[in-house]
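Number of protein chains: 2
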Amino acid sequence: MSQSHVLIVGSVALDSVQTPSGKAERALGGAATYSSVAASFFAPVRIVGVVGEDFPAEHLAFLKSRGIDTEGLQIVRGGKTFHWAGTYEGDMNQANTLATELNVFSDFRPELPESYKSSEFVFLANIDPELQLKVLDQVTNAKLTAMDTMNFWIAGKPDKLREVMSRVDVVFINDAELRQLTGEANLVRAAAQVRALGPSYVIVKKGEHGAVMYCTPPVPPLCKGGKEASAPFDEGGKGVSTSFGEGGIGGLCFAAASYPLEEVIDPTGAGDTFAGGFMGYIASTGELTHDNLRRAVVYGSTLASFNVQDFSLNRLKRLTKAEIAERYEEFKRIVFFEETDAR
Amino acid sequence: MSQSHVLIVGSVALDSVQTPSGKAERALGGAATYSSVAASFFAPVRIVGVVGEDFPAEHLAFLKSRGIDTEGLQIVRGGKTFHWAGTYEGDMNQANTLATELNVFSDFRPELPESYKSSEFVFLANIDPELQLKVLDQVTNAKLTAMDTMNFWIAGKPDKLREVMSRVDVVFINDAELRQLTGEANLVRAAAQVRALGPSYVIVKKGEHGAVMYCTPPVPPLCKGGKEASAPFDEGGKGVSTSFGEGGIGGLCFAAASYPLEEVIDPTGAGDTFAGGFMGYIASTGELTHDNLRRAVVYGSTLASFNVQDFSLNRLKRLTKAEIAERYEEFKRIVFFEETDAR
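Chains as they are written, first to last, in the working numbering: chain A, 1 to 343; chain B, 1 to 343.
Treat each hint with caution, since some may be false.
Below, computed lysine-lysine pairings styled on DSS-like, alpha-carbon distance capped at 27 Å [as the list claims (entries may be wrong)]:
(1) K317(B) to K64(B)
(2) K80(A) to K134(A)
(3) K64(B) to K80(B)
(4) K64(B) to K332(A)
(5) K80(B) to K206(A)
(6) K64(A) to K157(A)
Keep in mind the hints are simulated off the structure, nothing from the lab.
Extracted from the complex, chain A is given alone in its bound form (with noise of 0.2 Å):
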């Protein structure tokens, strides 16, 4: 059986951003790219976005190189790419956007080419809702459909937004954006809120407090892309425990910390190299239990954790999969509380 794919729509950018620890001029950047790239060290990746010429060659090498697919990276001759100037202060949970210069992606019409439609993982990465719609009506047998997004989309098209969740597996949201979509301040209710617009899971992030999965009780209705995948749920009840069945929990069913960080040098593209990496682990493994999502959820923080530690992703380019394993293995020892065989 071949590897199943990640399929990741979104933008790929020139980032200038400024922290406390230094700043980045025009680096590579773009949900997207943090987003593949991060799936990439678990699972074959195919990404779909546009660049302009002035896209320098090695960032393209860059992805090449991890593997990534970027037939669907459209490069516009004679345009320029995607421009996000920001900065970051204070416990930097927030970007102030100095410039945004959408360039090349203002007029991007996310096309599939033809070896990208079967792909079985799809991250909708944080772009209009209008183009994830679009995206989604082109994919033919999704396993697991997910999609991320920002407060300016839920302030501009919170009906389009709607509609997305509304046909996905997994959404990804901030804790700010949660309770703007929803005017609710109280997060189990707000989660229960985009819950009931369909999503099986929501998965909340919180930054420096880590991240929080909730489900829809009590089998959630995966696979809403393509076709069904095998008893997702039913193998043996092991894990999965009754409380979360009968919703006993506000729904809650996964509560993950964030990794302890001295420094944190740039957060940029945090939110995406979780969703990446929570994407690429369950695609590495194709099981789509609670247990293993929730696996996915602090392979996705393990990621972000290191991607914040340098500007852009530099730290993902020296990132090896031994690191990665020895992380995850410090999340646990930092959340169980119990003797167990697994310590």
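Guided by the hints, dock chain B onto chain A, whose structure is given.
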């Protein structure tokens, strides 16, 4: 061997609280009250505080019904009990104080009854750090000492507060207060600053985001308050990772999730309840290992999660040990991410 006692010193109050869920008028409150009642689910408690003649007899009877020794609770004839009034809004992480009437509390000088002085577990709830120091001067046999504080003392008596921190084993503090005290936005670095003052453990309470425990590697020098405990961290190394010893995770040794609640009725006393549950559990086991301190954090979180589900101590009044045990198990299910025997 007789059971270890928890000595708790702090405010006993009448609180008037308004939240989006309703209000309570002159209901039982106070840091020492919440923490004593929480601790009483695990171990015998001795309380030190002061109330006025207006303090309702039913409250005194309730404390006694929980097995709390009230010999150290002074009743000032003709005096009025400390009264606090406040409101909570939005995410309810921060109280807005409307009134603080210290009354008899303004002349409070904690005098330990003779029978209290040999208490092995000592919790200095939020009071004037100078009074906390006076209590430490009176205890003779402490195995574990802990303190809590608030923004008022951080602003008003930071030097005395640091002196208390240097003399206890465990510092409880919330994330906003930790940032205020240290002027450091990064919580890992901020906690390191507090650990540098001397306490073996800094436990950061983060409300809806759970709690994080930082440890001073390699072997925390516990038992400042009295005699040495026997080899507290030398139990075959079970569960104690070498990377803790190297301080490899920024000194963080445990991250606990918060229990997901769809409705927080009244957050008053959550931090006190957390600390009381922690101290009570430690006292009940007498075990000063990393693993036991982790469990204590989860028991503290468990008690706190119940407390916020009703006004005043109303939820704790009807809480059962079976409910505590059940929710503790739910905490496991929320955070574990590998199939283990413990599941």
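Status of each hint after checking the structure:
no. : hint              : in the structure
1   : K317(B) to K64(B) : holds, 12 Å
2   : K80(A) to K134(A) : holds, 24 Å
3   : K64(B) to K80(B)  : holds, 21 Å
4   : K64(B) to K332(A) : violated, 41 Å
5   : K80(B) to K206(A) : violated, 44 Å
6   : K64(A) to K157(A) : violated, 34 Å
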